[in-house]
Structures are given as structure tokens and as C-alpha cells.
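Visitor: As given, the protein sequences belong to chains Y and R, one line each in that order.
This note's numbering numbers the first residue of the first sequence as 1 and each following residue consecutively.
This note's numbering numbers the first residue of the second sequence as 1 and each following residue consecutively.
It is worth saying that the hints were derived from the structure and are not from the lab.
Wrong hints could be hidden among the right ones.
Mimicking DSBU-like on lysine-lysine, the simulated pairs with C-alpha atoms at most 35 Å apart in a straight line are [claimed, not checked]: (1) R:Lys31 / R:Lys20; (2) R:Lys31 / R:Lys6; (3) Y:Lys47 / R:Lys77; (4) Y:Lys159 / R:Lys31; (5) R:Lys20 / Y:Lys159; (6) R:Lys20 / Y:Lys100; (7) Y:Lys47 / Y:Lys151.
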Amino acid sequence: MSFDISMQYDRLYRYCYYHTYNRILAQDIVQEAFTRYMERYGSLNEKNAVPYLYVIARNLCIDHYRRQGTQAEKYLQEQTYEQEQTIGLTESEDNTLITKLSVQRALSRLSEEERELLLLISVNEVSAREAGMILGISRFAVYRRLRLAQKHLRTELGKEGIDGDY
Amino acid sequence: MTTEAKNRELLLLFFEPDEKPDPAKKEAFLKNVMTGQITRATKMTLHRMLLIQVKYIRKTAWLAALMILLIAALITKGNPDSVLQIAALTPLLAFVTEIETRRSYAYGMAELEMTTAFSLRSIRYARFMILGLFDMAVLAGISLLIRKYVAMSVLLTLAHLLLPFLLTMTGALLLERTAFGRSHPYGSGVLALLISAGTGFLLLPAGPLAMSLNKTLIMQGYAWILEIAAVLMLITVIALFCTNVKQETEMTTLWS
Chain Y
1 MSFDISMQYD
11 RLYRYCYYHT
21 YNRILAQDIV
31 QEAFTRYMER
41 YGSLNEKNAV
51 PYLYVIARNL
61 CIDHYRRQGT
71 QAEKYLQEQT
81 YEQEQTIGLT
91 ESEDNTLITK
101 LSVQRALSRL
111 SEEERELLLL
121 ISVNEVSARE
131 AGMILGISRF
141 AVYRRLRLAQ
151 KHLRTELGKE
161 GIDGDY
Chain R
1 MTTEAKNREL
11 LLLFFEPDEK
21 PDPAKKEAFL
31 KNVMTGQITR
41 ATKMTLHRML
51 LIQVKYIRKT
61 AWLAALMILL
71 IAALITKGNP
81 DSVLQIAALT
91 PLLAFVTEIE
101 TRRSYAYGMA
111 ELEMTTAFSL
121 RSIRYARFMI
131 LGLFDMAVLA
141 GISLLIRKYV
151 AMSVLLTLAH
161 LLLPFLLTMT
171 GALLLERTAF
181 GRSHPYGSGV
191 LALLISAGTG
201 FLLLPAGPLA
211 MSLNKTLIMQ
221 GYAWILEIAA
231 VLMLITVIAL
241 FCTNVKQETE
251 MTTLWS
């Protein structure tokens, strides 16, 4: 299977953006992760290229948190609050925006690990084996925790009035 | 649309970044990755560094040592005085070694060398170590080769070969410190010729006194003096080289 570098770049950017909520920083971390990976392994056709890239990016994000003392949780809360204010002021009937807000609220009640698993597996389509490598847990633990996260999300979405298969 | 795709779309409402990455920056970066401009950086070990420096040492330096080995093999048979004859050639080897290790300075390449992957200082140390060890190995090889034909121990033979070699190195390194030595890199060649001639003088008809003195020293059991002298001179050469490199690197840094 060939490595779609552009697609992986975007997915890694999504992952880094989720952790940093900063466009420039997220892009810098993505590029730094690719550079470090290439310096270490030389080719993107390695079997474990994807999990290695995520591990490097994840560590770079953690380094950033340590330096800045910021957390994605804090950004998440601020962002949800700001959007609630915007909606409240404009009284927009935009269904997409309302759904987005509901999903945000539901996800904000999940643990950080549950959100990370959903992002990696359900959104970025990383395999369970690769997710296990990224998070440092076994594949079976990934399956088990993912099921729990999905169940938890289904409950929270239900509370928000969104019916889904979760 | 499958359930998985629907769930993904729902989650994307939350996880999709509000801001897309800068497309120009992304494109430029990916181009660099695809064209191999971002590739594996080979870990630079001491072993690898020395191997690289071996390639940059001129053939003359290797040939000079091998030439002496060849001459030793040719003249040593049935010639008890071959030690001093070979010793008379070692100053020339020292000159070639010394000029090779200071090539960066002699040809005004110091600034350029400083911009390479290694520091100028490490380049000089590496070349000195490579050539020094090679020369020592050749001289040790000669000592073993001629042990059948001369009435001396291998160590004493090696001391005889090393003393003019190290004396020339000491002189050349001292000359390097002077303004004259710096502006005339081949000045140490004159010194090498003088020491070579001085060693050879022991073999001339005018030198039997020196020859008999050397023999008496060995016969009387004072050969260790020559061996100790060789060791001390080796230490002196290493110390002189280190201080010269330190001074020259500081000067180059200051000027550049």
C-alpha cells in the first residue's frame, strides 16, 4: 500500500490542531514530525510510518503543553463558550452549527483518552494496531476502550437530542 | 452512506480544524520530502568521520610512507647500518605528514573547512591521528622487517627511526607558530632536509665517531635513553600539535 503523503499530512494536521488549536503551531509540528521521521527512517514506505508520525507529533504537542502550560481542554471549553455566545446573540437557525455545538458539548463530557481514540480511529482512520502503538496500549485495549468511548458518546449525544448509531 | 461514514461526518463537525493549513507552506514542504531534500541524516560517528577524512588525504602522504617501506625492504639485506639509512629518510615523511595536516591553513581553506559538517579543529586532529598512526605503523613494520639484519631490539630500531621523524615534526610544529612558518608552509621542508642530512652524516666517512658512540651506547646498555627520548619527543609533538591547533582555530575564528 502506497503512502498518500498529502492525506497523511492533513490528518496529522487535524490531530495536531485538535491538540493545539493553533494553525501555525499545528502546521509546524506536522512538518517537524515529518522531518524527524525522515531523518530517522529515511522512507515513508516503512510499515509503521503512520503510528511513528503520530507518536512524534503527539510528543511534540506534549512538549508544547509543558512549555506553554496550556491544554486542549482549556481551548475546548473556551471555544464552546464563544460559539454559544455567538449563537445566542445571532439566534441563528443554522442546523449544522447547532449540531456542531451539540457534538462539541457531548464530546467535552468524554475523557481526553476517549476523544483521542475517536479522533484517531473514527476520524483519521488509523487502524486499531496503529492506535495502540500511538497510545502505548494493546490492540485489545484499543477495541475495548473504543467501544466504551462510543457507548459514552452515544449517551451524551442522546442527552443533546442527537440520535445516532453511537 | 454507511453508518461509519455518517458517524465520521458527525465527529468531523468537532474535529475538523477551523483553519486549514497554509497550502503554499504545505506544498513546498511536501515537495521537499518527495524530492528527497529531507532525508535520513546519517549519524556521524568517530569511525565514519575518520573514514571520510581518509579520502581527503592526498596520495602523496600515503606514498611517502610506502616509499620508505619499499626502500627499507630493498636496502636492508645484509646491511647492518640500514637503520640509520632508513632513519635519514624519516624526516621527509614527517615533512609530508606535517604539511598534509596543516593544508587547510597553508592554502587558505580554513574558513571554508569551518563551514563543513565538522569543525576545523576536529578535521586537523583526525588527519593528524590518521597519518600519525599510519606512519607509526609503517615505521613499526620496518623495525620488524629489518630485525633479522641489525643487532638491535625492535623497540630500539623503532626509536632510531622515530627520533629524526619526531625531531622534524617538533621543528616543523614550532615553525608553524612563527610568522615566517605561517607564510612559508614549505619552510619545514628545509628543516626536514637538514635533519635528514644530519642523520645521514652519521654514515659518511666523517661520521665514524658518531657511529661508534651510538654503538657504545647500545653496547653499554644505555639503549633505554634513546627509547625514553623517543617517547618524550612523541609526547612533545602531540602537545605542540594540540596547542597549535587551538591557537590557529582561535585566530581563524577571530578573523572570520
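Visitor: Within a Cα-Cα threshold of 35 Å, do R:Lys20 and Y:Lys159 meet the stated pairing?
Guide: holds, 31 Å
Visitor: Given the proposed pairing of Y:Lys159 with R:Lys31, does the C-alpha separation stay at or below 35 Å?
Guide: Cα-Cα ~47 Å, so violated.
Visitor: Given the proposed pairing of R:Lys31 with R:Lys6, does the C-alpha separation stay at or below 35 Å?
Guide: The hint holds at about 34 Å.
Visitor: Is the hinted pair Y:Lys47 and Y:Lys151 satisfied, with a Cα-Cα distance of at most 35 Å?
Guide: holds, 32 Å
Visitor: Is the Cα-Cα distance between Y:Lys47 and R:Lys77 35 Å or less?
Guide: Violated. Y:Lys47 to R:Lys77 sits at ~65 Å, over the 35 Å cutoff.
Visitor: Can you confirm whether the C-alpha distance between R:Lys20 and Y:Lys100 stays at or below 35 Å?
Guide: Within the cut-off at roughly 18 Å; holds.
Visitor: Can the restraint linking R:Lys31 and R:Lys20 be considered satisfied, given a maximum Cα separation of 35 Å?
Guide: holds, 18 Å
Hint violations for this structure: numbers 3, 4, all remaining hints satisfied.
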